[in-house]
Amino acid sequence: FEPEIPTPPMITGQGDVDELFDVKNAYYIGSYQQCINEAQKVKPSSPEKEIERDMFLYRAYIAQRKYAVVLDDIKANSPPELQAVKMFAEYLSSESKRDVIVADLDKKMAKSVDAANTTFLLMAASIYHHEMNTDAALRALHQGESLECMAMTIQVLLSLDRVDLARKELKKMQEQDEDATLTQLATAWVNIAVGGEKLQDAYYIFQEMSDKYSSTLLLLNGQAACYMAQNKWEEAEGVLQEALDKDSSHPETLINLIVLTQHLGKAPEVTSRYLSQLKDAHRAHPFLKDYLAKENEFDRLAMQYAPTATA
Amino acid sequence: MLTKFETKSARVKGLSFHPKRPWVLASLHNGVIQLWDYRMCTLIDKFDEHDGPVRGIDFHKQQPLFVSGGDDYKIKVGLLTMKIVKIYNNENEWSALISYVSYFFLLCSVLTGHNHYVMCAQFHPSEDLVVSGSLDQTVRVWDISGLRKKNLSPGAVETEVRGISGVDLFGASDAVVKHVLEGHDRGVNWAAFHPTMPLIVSGADDRQVKIWRMNESKAWELDTCRGHYNNVSCAIFHPRQELILSNSEDKSIRVWDMSKRTGVQTFRRDHDRFWVLGAHPNLNLFAAGHDSGMIVFKLERERPAYAVHGNMLYYVKDRFLRQLDFNSSKDTAVMQLRSGSKFPVFSMSYNPAENAVLLCTRATNLENSTYDLYSIPKESDSQNPDAPEGKRSSGLTAVWVARNRFAVLDRMHSLLIKNLKNEIVKKVQVPSCEEIFYAGTGSLLLRDADGVTLFDVQQKRSLATVKISKVKYVVWSADTNLTNKYSNLKVFSAAIMICNRKLESLCNIHENIRVKSGAWDESGVFIYTTSNHIKYALTSGDHGIIRTLDLPIYVTRVRGNSVYCLDRECRPRVLTIDPTEYRFKLALVNRKYDEVLHMVRNAKLVGQSIIAYLQKKGYPEVALHFVKDEKTRFSLALECGNIEVALEAAKALDERSCWERLGEAALLQGHHQVVEMCYQRTKNFDKLTFLYLITGNLAKLRKMMKIAEIRKDMSGHYQAALYLGDVSERVRILKNCGQKSLAYLTAATHGLDEEAEALKETFDPEKETVPEVDPNAQLLQPPPPINPLDTNWPLLTVSKGFFEGAIAAKGKAGQMAADLDMDTSGGEGWGDDAELQLDEDGFVDAPEGLGEEGLGKEEGGGWDVEEDLDLPPELDVPVGAGGGTEDGFFVPPTKGTSPTQMWCNNSQLPVDHILAGSFETAMRLLHDQVGVVDFGPYKSLFMQTLSRGRTSYLGLPSLPCLRGHPQRNWKDCGAKQGLPAVGLRLSDLISRLQQCYQLTTAGRFEDAVERFRVILLSVPLLVVDNKQEIAEAQQLITICREYIVGLTMETERKKLPKDTLEQQKRLCEMAAYFTHCNLQPVHMVLVLRTALNLFFKLRNFKTAAGFARRLLELGPKPDVAQQTRKILAACEKNLTDAHQLNYDPHNPFDLCAASYVPLYRGRPVEKCPLSGACYCPPYKGQICRVTQATEIGKDVIGLRVSPLQFR
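Note that the protein sequences, when read in sequence, are chains A and B. Under full-length UniProt numbering, the first residue of the first sequence carries the number 1, and numbering increases by one thereafter. Under full-length UniProt numbering, the first residue of the second sequence carries the number 1, and numbering increases by one thereafter.
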């Protein structure tokens, strides 16, 4: 007989503690495995919380590209929030089904949407953002009011180079909860886009988080982006090396290394090695799609020029 | 007041501090004198020599002596270690010891003039004056210079003054009243001089403290300090500050401001009246005697407020915040603090991100504590630093919790989070908390009565708790995995606890003395100081003393052998420590045995304590290497199962017990050879015999039988025979020892009939009966060994411990350091006779005639139009788009202007356009500027350049990443003026030349040409800042061109046939032209040698001689030079050319890069707009052979690599 270990008494004055804080936080800073671990550890106090927990759990699996887990686990009778997550997983898992899923989503969005199902909105916006349909993404997000909706709005706006609007949205976030992890992260994104003195602030946000929680690829690449924007190439090298040590085929790390090695004046071969790695592991990455498109564009444009005489 | 030490005893009437050691003497009302160590808090000694109260006590300033005087009219001199050494009974003898003391008791009895008891008398510290206070209500100042005159030559040292001997010492004329100070209404209890100023302080039964001033002629009352409500028993000046301390029978000590004459502080006791005060001559320490003991105290904390960040130490000294750079030792004042607090800064928290500090000041009444928030000025004049306006608020403690947030523990003990403007951002409900400490970003350590709690400020919840009472300081290690606190458990004892980030305790260390400070060194050892030691602590709990200290210091940082610290005067100091011991232990704990071994061999570590330590901690194999003593060595070796070493030691010791123990251990390991040796040494025949039996060693077993026989050991002999199965021997033994019947039976049973018969006959049939042979007897025969065991039992292969291996390998090292010779001779491309030494020099610059192309032509007009067309993003977005949320109908915003678009707008340098991804405009620019018409060779350059234009970072998970745009003018470009960070530097291109040179040297011409071309094509993609660099860029093009032309021609030449004379002539011509390419000397030597040889073979001696001379001018290697001189000599014998060639060395020419014919001056020539290579006119309009991208003879704007070229 083993006596049950009593849970330590809660210290008073913690009324507004979020029991899923660790789960969410780990997810947002890109510490997906930790998010999964925490999610499996935590004991939600209500069914709603349980759904929320699962939502983050499955999204963490998605972020790890373990789509099958999500597709198998979420059944037809699972709550609508999780169905939305499953839809996103389906979208990401197979390129061939994407058109069908998007068409289906369009239909759903055309009808009135349950705005309380923030997860659905987020997942819809994520799909649209992947589809480069920023209008639809923003429209979906506009219906939600959660911090994450705002953060995603900011990200979409930044991809549209609308720093001005992103700042407005950020202000709203800050009014809601300035110290929240998402607000902090969004502040960093906007700061990078604004540039100048704000870059250092952005750096500190990433650095502080990796200090406080753990340094993740997301945070390290954020730091590297800040350093590089400030032309601090040597400093960026250290950060990216750390990221590379964590995962040698992480696409964003490789992209940043492609940038960095050139700025550091390394031999061109070093750069092309990273590019080959990227091509090997992430054929479908937007960077490479861009890259290939640009190659074609180059070839097309080069045809317009020719010497006046040939030998 | 900070109480350092308290004693309990009878009433204390006299006190004296030792000037150097941490000792204080207290003389008691009951006649006892106590000598205390106030630092260790122990009573060192007790002197019970007086009858009745002892009122005067004093240390000798130099010698280990003290003097005391009591109401028994005796003065006694004590030796601090050997009790009282001498008792002086009369005045005559007092003179001998007069130098020891300030003897007021002595003086009291001789000063004539007072009308009542003299309560106190003191010498002036430097002048021949004495001050006395008496119950006659006066204070008198006495001139005792008569005393000096009497016996001393002028100029004698002050201390000697008092060493006079004389009978009528203190005669009436020796002490003359100089001033009589009247003003007290009741008897005066105490009077004292100021150490430096002509001031006197007195305390009296009228409850007043009076300050008096005097000059040569008179003395007068300055002021009175009122406040005590009972008799003032003692009053003294603070030795270093403008303060007066007094104590009284009203059970209080009061501190007065000397200039304002107002009370500053009051310290009360509940039940004890105060009687006496003493000040330490050098330190900020005081002692006060009361009814039931004494206290040693200081008025204020002496711990400097400091904070360390990276290589910088920030500390407060004299109202300045100072910054010390540990590396350069540069110590500067960075700002002046706002004045206004009478309390020193208690603690500091530094924020490196904002360069801001929080300075906490703690008041006597904790509730009045405040903190100041300052932002440190960026630049400051160290001599006269700025005094920036700080923000002051009340609060006990303030510490940073994030870049822009700090936490304040307010006087209600609740937690406030504030921003940089000192505004409250939020209030956090915390568990009961009396102090807060920094605990990494976003976290705090909260201290309550019996522990500390790690608290996440953002989540508002406790993460972990550890029980440790009264934590005073927290020191985080650099990787923040470990935290360390040293806490005061009781007032006079202390403890250190090392915890990890989760507040799991790793170890506890208890100290008897206060822990003062600490810091982590780079290897993770915690170095801390107590009042009198520097010590170390490993996270495993090991700790020890590194060195002793005279005075407390505050460690700020530890690096290697250096301990950086602040002393009590806030002076930065560096102390050197010997880290060997803790490094050794650390290496052991971390199993870094190579380090351990290195230390064992090189450091002076050997000692019993280390061996004992190693043995205790389970490292006997390490200890083995320290030990010289064979006995210890033996037992250590057994402990770690090292039979070889044990055997060695046992041989040296050769003791029976050793062999026995070794035998046992060896047997366990199946090491039977050693077992055998042990048994042999101990002459343990039985065991040895059995050992031979079980190992199947029959020969030795037989030998053992022989030995047993010789030793007349019947049973041993028999046993051995039994083991051997030697029946006849057994029969013989039995027969010999008279066991006839047994012998018979043995023989009969085993079928040795002959023997049996013989034995049977010996039986006396009358007396003896022949025993029956058991027909069912079974034979006892030992099984024969199948395979005798010669070797030891096989043991599992265990990798040898590091130490055994290392010791064994000793001496083998160093053989691997063979040098590899570099093969530096030229590759095949250079032909047989053109080998050379590789000796590259740098980029040799300054060929003349650079930069002919004109600058500053106005161009790019078409671009201006485009710039005009570009509208700011605010304009091209309808206002409703951004604010569309208000009316509920959402209008998605249009796309904004990306930084890359700005780049194109802001620059006309091709690379900026490529980085922006605008290939179309980039191509147009390259076409217009340098005449590129075939972009094939540029493709990889374009793609590579493009790929460094944008960084990427992740926003929300599973979404496409965000893109960053590094800009070269990021500091001041604002939103519109951005230009991309280029990422291609002139210096990098120049350094890439080296590689090309090496390939050239190695004869890999085609590879070299390819690389030279990439460099050449990269030049138009540079951005440089000044004219010098523009010139260098153009020069770089020239170098590349010269090499490309030369090397391509050489490659071409090698392909040509050389069968006919004409063909040979053409080869020679091309070799000659090659010598006119502008190459590095090292390459030119090779080129000239080739040309020289070819021309010599062609018998064109005259031209060959020319090449030879040019070659010699370059200063080739001696052997080459020698050979060249030989050829030159040969040529000079016949200075003619056998064949006419199209080569005139004296007529300057350019070389057509397509046809390789000389274009002598004045002939028409077409040039490549980028490389500047020359061509015969027919080639105009074709692709340049050098660049393979540009059009020969094209009319262009010219190379543009700097914004300067557009002004």
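Simulated from the structure, these hints should not be mistaken for laboratory data. Model, not experiment: these values are computed from the prediction. Don't take every hint at face value.
[Said to hold, decoys possible] Cut-off 20 Å, straight-line C-alpha distance, at most; resulting in silico cross-link-like pairs (DMTMM-like, lysine to aspartate or glutamate):
no. : chain 1 : residue 1 : chain 2 : residue 2
1   : B       : Lys426    : A       : Glu178
2   : B       : Lys427    : A       : Asp179
3   : B       : Lys971    : A       : Asp179
4   : B       : Lys651    : B       : Glu664
5   : B       : Lys740    : B       : Glu729
6   : B       : Lys1097   : B       : Asp1059
7   : A       : Lys266    : B       : Glu729
8   : B       : Lys421    : A       : Asp177
9   : B       : Lys1133   : B       : Asp1150
10  : B       : Lys421    : B       : Glu434
11  : A       : Lys212    : B       : Glu676
12  : A       : Lys294    : B       : Asp934
13  : B       : Lys703    : B       : Glu664
Hint by hint, work out which the structure violates, then give me just those numbers in ascending order. Violated hints (numbers, rising): 3, 7, 9, 10, 11, 13; every other hint is consistent with the structure.
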